[in-house]
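Trainee: The chain contents come next:
There are 2 protein chains.
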Amino acid sequence: MQHIYFFDEGNKDQKELLGGKGANLAEMTNLGLPVPQGFTITTEVCHYYLSQNHSYPQDFDGQLETNLLKLEQNAGKIFGDPENPLLVSVRSGAAASMPGMMDTILNLGINDQTIQGLINKTENERFAYDAYRRFVNMFGNVVLDINHEHFEEQMEAIKSARGVVLDTQLTVNDLKELVSLYKGVVQKETGKPFPDNPSDQLKLAIEAVFKSWNNDRANTYRKIHGIYGLKGTAVTVQSMVFGNMGETSGTGVLFTRNPSNGEKVLYGEFLINAQGEDVVAGIRTPETIDTLRQVMPEVYDQLIDIKDKLEKHYRDMQDIEFTIEESKLYFLQTRNGKRTAHAAVKIATDLVREGLLTKEEALLKIDANSLNQILHPHLDATAAKKVIATGLPASPGAAVGKVVFNADDAVALKEAGENVILVRKETSPEDIHGMHASNGILTSTGGMTSHAAVVARGMGKCCIAGCSEVVVDKKHRKFITKDGTEVKEGDIITLNGSTGEVILGLVRMVEPAVSGDFLEVLGWADEVRKLQVRANADTPEDAKRAREFGAEGIGLCRTEHMFFEDERIAVMREMILAQNLEGRARALAKLMPMQKQDFKRIFIEMDGLPVTIRLLDPPLHEFLPFYDKKIAELAESMGIEFEILKNTVDSLHEVNPMLGHRGCRLAITYPEIYQMQVQAIVEAAIEASAAGVKVKPEIEIPLIGNVKELEILRAEVQEVIDEFKNAINFDIRIGTMIEVPRACLTADEIAPLADFFSFGTNDLTQTTYGLSRDDSAKFIPQYLERAIMLVDPAESIDQAGVGALMKIAVEKGRSAVPNLEIGICGEHGGEPHSIEFCHNIGLNYVSCSPYRVPIARLAAAQASIKAARK
Amino acid sequence: MQHIYFFDEGNKDQKELLGGKGANLAEMTNLGLPVPQGFTITTEVCHYYLSQNHSYPQDFDGQLETNLLKLEQNAGKIFGDPENPLLVSVRSGAAASMPGMMDTILNLGINDQTIQGLINKTENERFAYDAYRRFVNMFGNVVLDINHEHFEEQMEAIKSARGVVLDTQLTVNDLKELVSLYKGVVQKETGKPFPDNPSDQLKLAIEAVFKSWNNDRANTYRKIHGIYGLKGTAVTVQSMVFGNMGETSGTGVLFTRNPSNGEKVLYGEFLINAQGEDVVAGIRTPETIDTLRQVMPEVYDQLIDIKDKLEKHYRDMQDIEFTIEESKLYFLQTRNGKRTAHAAVKIATDLVREGLLTKEEALLKIDANSLNQILHPHLDATAAKKVIATGLPASPGAAVGKVVFNADDAVALKEAGENVILVRKETSPEDIHGMHASNGILTSTGGMTSHAAVVARGMGKCCIAGCSEVVVDKKHRKFITKDGTEVKEGDIITLNGSTGEVILGLVRMVEPAVSGDFLEVLGWADEVRKLQVRANADTPEDAKRAREFGAEGIGLCRTEHMFFEDERIAVMREMILAQNLEGRARALAKLMPMQKQDFKRIFIEMDGLPVTIRLLDPPLHEFLPFYDKKIAELAESMGIEFEILKNTVDSLHEVNPMLGHRGCRLAITYPEIYQMQVQAIVEAAIEASAAGVKVKPEIEIPLIGNVKELEILRAEVQEVIDEFKNAINFDIRIGTMIEVPRACLTADEIAPLADFFSFGTNDLTQTTYGLSRDDSAKFIPQYLERAIMLVDPAESIDQAGVGALMKIAVEKGRSAVPNLEIGICGEHGGEPHSIEFCHNIGLNYVSCSPYRVPIARLAAAQASIKAARK
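Chains U and C are the protein sequences, given in the same order.
Position 100 of the first sequence, counting from 1, maps to 100 under the numbering used here, and the rest follow consecutively.
Position 633 of the second sequence, counting from 1, maps to 633 under the numbering used here, and the rest follow consecutively.
It cannot be assumed that every hint is accurate.
Intra- or inter-copy, both count: the list cannot distinguish identical chains.
Stated by the list, open to error - 30 Å max Cα-Cα, derived DSBU-like pairs, lysine-lysine:
(1) Lys474 x Lys630
(2) Lys708 x Lys778
(3) Lys231 x Lys708
(4) Lys812 x Lys870
(5) Lys694 x Lys385
(6) Lys231 x Lys478
(7) Lys708 x Lys211
(8) Lys474 x Lys328
(9) Lys866 x Lys425
(10) Lys870 x Lys365
(11) Lys192 x Lys402
(12) Lys629 x Lys475
(13) Lys211 x Lys590
(14) Lys159 x Lys590
None of these hints come from the bench; they were simulated from the model.
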């Protein structure tokens, strides 16, 4: 087994084995670039070390010796040699980037003997002792686990004794003394002298890096970023080069293109006479790369030349670290640079124009989910901000406004011309007008599919839900955060719906811009994707926006949201409170023309495209007030007794409303509701059609769990349609949601009665897991932290569970009806991993919020490309 | 195709084709018994007629003619002949018994001509005209759909004109006039004369019987009794014989054994000079069969001889109809007689002793579910009763007592020595003491698995739940039923938990008796069954009872019920309200010894048998009060502020508690709870074992949906066990509930970490269907009525949905661990159809309420026998 790879033995495809850093250093070496030489110990050795009781594979020591010898020969220096000492850095580097999470040791190999060689070679005693004291400090801290403060105390003491402020004001003798004092710290804290033998130093440093794989910081980072299944970190041992050897030395970082906007300009920073850590520490202000052209034109030219070479080689924008040692340029790292969504789009299209990438390759370079940044107004990333709490990023975008604590106040403040943030423990249908009036919504309870979250996403409004760090004190019109910040009514806060951050005060906003490049990329995506992309849109306005974003139809139009508006909810309540069929019919007759008008406008907006309209789904109590005060108000306005209304509300109360009397179950007991809705759909379609619009209505029945439900309801829907038989010159399709496990398991029975299936993965996830999204905020965070779940199943389809049921449904459904059209309209329809899964199991379309349509188009294309490559 | 079978062409196994009646008449004919001859039109003709627009198969008419001819030859009479007329009955008869639901026409073939022949042959003019007027009335009503009242009016008019009271007081001339008046009714109501042609009469009668298959009555009956998949009714056309031809004629019914208690004695009724309908009508009081011995000893001997023959032939107790026409005995029907559970057991064991049945055959003769009648105190079936409302039969048995409306009153009344019925809208954990004190529980809401239902079943107490016909007016301490009956506090009512009937006043009770025969039958069952039968038992008392009923272990011991008792719930609340781990640990330390004592006593009761203990399952808010008043009381008693307690209660509130923070999810966030419980189990087992008891503890973790939950919790459980390693000299197994779809779908991942699976089909049904049992009472009745569901999935496993997931779980689980032990502990574990399903998919055991253990033992045996026969 090869445990160690000298740089000339590896390549860029060995990230799993050599880590990103090791693989890219090997690749640059192979390209003939100036790289300080070295070798990389594999991630497998790390895994062995950590799992086998901190021991090494048998032949490891021999390979280490061999590679060290090769490095000495290559560098023309000898490790631990007092005349011509080799110094090395020891760095971590896993397959996935985990910046700053693991340990690094620089200047390793210095002791009281080798420093003489260093002084002789560099003719720079101050530099040598500065390196020495830095090394003892770093090694003591990182390898020997001594608190940094102990070293800092000595430094402060000596500075104070000498009456100086900056490190750089210390003399060579001061530094010498500091080395000795630092070693005293080590002796005192560990009970042992500082290890002077460079070989011991190296072994201890390697072990420290291995152990740092499992430190708390690294574990947390991997969990947060969903990094799983890696073996460990590789360790790269590399000759030191020094950017701090005077005015012809320096160090810098360089992006080959602008990572903010993607423009093809050099973007980087550079410090003369400095080491890498000085750039990071931020003590001195770095220069732009242009400065380098002036002070070291040849080095600059070489840098430009090589960065072009690297970009062509990697066929992507590079993030490069370099050091100049006495006018000689060295490359210490290159990797594909992180970038904003905006930049990703620009760079991908530019690289295609430059002939470096095919369109398909370019599509794969863009993180579909990151497009969210472009598609909503977003906060200026450069602005300072004070985050006072963090909740669930329930609806993306950002909002700034004055805090209010109830819906009526929101409306009033909005009418006064102010921007408004509505803060509630949770929202209910009674808050709809207030949500409309608000720029953003913050709730202290509820999950990603809570009322607030769903409605806000539907409205395209920013929302942070389940922010348990906030305690809402409605009575005193204020909220208090975990850190004790008190925010009163009228105070200004900013919400970042994409990160869940609640920020005190105003943060500047950047408007979304869909540039020409973005449109071009989406065009390429449309050429290769197999999945159709539709939108979930409940209003003509949503439909219009969806179409602008490229939706090929409406996959889910939720009719109930139409009932929440002021005038309508009154009629809806009249219907619910009716004592008999006659009373219900009377109220429904009032609702019919309202629904019809909505449907007609939607059909007009979606001229030529299918519109899937879901019949009433939520339980009736959602349309009634919950609190006694509101019940009293409603009773008053309807002219009925409080007790009677209260009793009705109580009798409609459900223990588990999610599993209650809703969806098609309502239609079985109250057939007149769906009859009214179907009539409204048909009449709207007839009128729109008569006006020259090409209508494609699709009627969708929710919550089917049993084929007989569909049999009965389909017949009832068809009966209404047949009443208009002579006036209909278009197709009307009748299909069903698939959103409870039983529907999946009996899909072969259901399919012959359904013109289409549409997966409602929100409810399917809740039932499959037995997990209410409104209640799971209490334990989901811990589940994610402990990696019980790798991702919240409300965000990305749980493929092992929910996905297994979806596969069963697709197989059973198509076993009965081979060409059955199947889509998805749950929240997952706009999430890239879920979209890939939908592609792979053969769905026909995904449907998502209008704002996610472009994301879905790109993700569908990526899924298609990836599947074809397999 | 043969559409019609003459009696000598069929046999008893052709019930599907000839109906029960037709098949048995054929069988009796083949046995050479005196049966008035005839023929049977098949159920397939009925199906054809009803589905093909009321038309007949092509060759039907010819076959009808041929069979009629054969019947004439056989009877020596001619249909429609004025000299020697053949009269026939036309009767319905489906494969399943549907007594009184479909139509029958007697005396068919009379008209003004044939009656002369009838008079001549019988020399009884009065009899002949009485038959004629009965025929016109019956035909007019049944075939021509004329309201019976129109005929009754004529009868009343003539009786009043003649000044008589009884029909029998009318003269021959009166009857003649009545025939004419009845025909006038037919002319008036149908606009056509009465059909005089016997062939027309026959065709019309056959069609009427066919149509009666789909009348409302019959449809409802089939739905209620779960009769599905039949083609239709057969029609039997049979020579009339007359029991009303004088003192040497008569008619009767005979059970070959007593259907109430199963004793081998004749049991029947008999009327001299009467037709069958007179017995049914109840105008005259029938004689016992003994009377027949006195008046017609030869006929009696023949009857005894033939009934023995029939019982031997059918190898079961028979329900026989016979008619004596002028001293000649005829058999009109025989069938296996309906019987009580008690009689079923007695008859089955007697038939085995008599050598008529094998033990296996005897086992199949007993309806396992009916044993419920024996296993709970039950109401005297012969007592009069006034049913004022009907709800869900949530927990079987019966109870009589005074009505109270809250738990405290129940306790007080019980202490005063009274029997108590607790009436609530719904019950909650706060009512436990009141439920304990009550003899029966009645709730107006909630389903078969509501709190009231589950707790009552656990306590073995009678409960009627979801009785929506009752409106509880807690404030005025009364309830009002749908029919307006008002029941006040202190009034006596009787509950029948097996039927759901609420009865006003006291009904006499019969104590359960498990007779020697019953024990013998269960012994046979134990010999053949493959499924082990365990019990769900939460207390030592339950465990004792379960063992008496033959349970082979405890399959589910719900630890939470132990927490609801007075002293304990206070400590439980202290634990829940603790602000930190320390406070929780302090409260848990108090609970530990209590749980330990319970477990120890259960281990002692179940010496040598496995005890599966489920760790805490319900959400924490179930242990806190819900109403402000109760919260205030608790706050006072705990010495904390109302607002603080109220906030805690609010913060624990869940939108869908069934899908919330419960089961293993609680243990992930509060590991100390399970740690305490495991410690209690282990210490209890160690102490019991030290006392010489053979303990077999099994620890069960609820609500696993994800293998990582089990991985973490199993390790934590094991850690506690390992602390006692040296003191443990028995096995402790650790398994999991399978109760959400995701657990089924990932059973192959879960199995390697589970020593056993136990299906929690209550929750699995709710999640698979997306159906909360607490809320479904609003629509399930309609679902059953409209045959959307054939049975409430809470009662019998939904095999197409829930069953499909169970199969997946068994297959996947055993694919990973071939010998995995799998059981079921949901409510379905005691339901015979579900038990058969469990046997067929290869489960190892079922676990059910102690009272259902004998039922499960028998059902398991039946499943085993049936499967072996296939």
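Trainee: Compare the structure with each hint and give your call.
Mentor: Hints and how they fare:
{"no.": "1", "hint": "Lys474 x Lys630", "result": "both (16 Å within a copy, 24 Å between copies)"}
{"no.": "2", "hint": "Lys708 x Lys778", "result": "between (38 Å within a copy, 18 Å between copies)"}
{"no.": "3", "hint": "Lys231 x Lys708", "result": "between (52 Å within a copy, 20 Å between copies)"}
{"no.": "4", "hint": "Lys812 x Lys870", "result": "both (25 Å within a copy, 28 Å between copies)"}
{"no.": "5", "hint": "Lys694 x Lys385", "result": "neither (50 Å within a copy, 67 Å between copies)"}
{"no.": "6", "hint": "Lys231 x Lys478", "result": "neither (49 Å within a copy, 70 Å between copies)"}
{"no.": "7", "hint": "Lys708 x Lys211", "result": "between (61 Å within a copy, 25 Å between copies)"}
{"no.": "8", "hint": "Lys474 x Lys328", "result": "neither (66 Å within a copy, 92 Å between copies)"}
{"no.": "9", "hint": "Lys866 x Lys425", "result": "neither (43 Å within a copy, 58 Å between copies)"}
{"no.": "10", "hint": "Lys870 x Lys365", "result": "within (18 Å within a copy, 61 Å between copies)"}
{"no.": "11", "hint": "Lys192 x Lys402", "result": "neither (60 Å within a copy, 85 Å between copies)"}
{"no.": "12", "hint": "Lys629 x Lys475", "result": "both (15 Å within a copy, 21 Å between copies)"}
{"no.": "13", "hint": "Lys211 x Lys590", "result": "neither (71 Å within a copy, 42 Å between copies)"}
{"no.": "14", "hint": "Lys159 x Lys590", "result": "neither (85 Å within a copy, 59 Å between copies)"}
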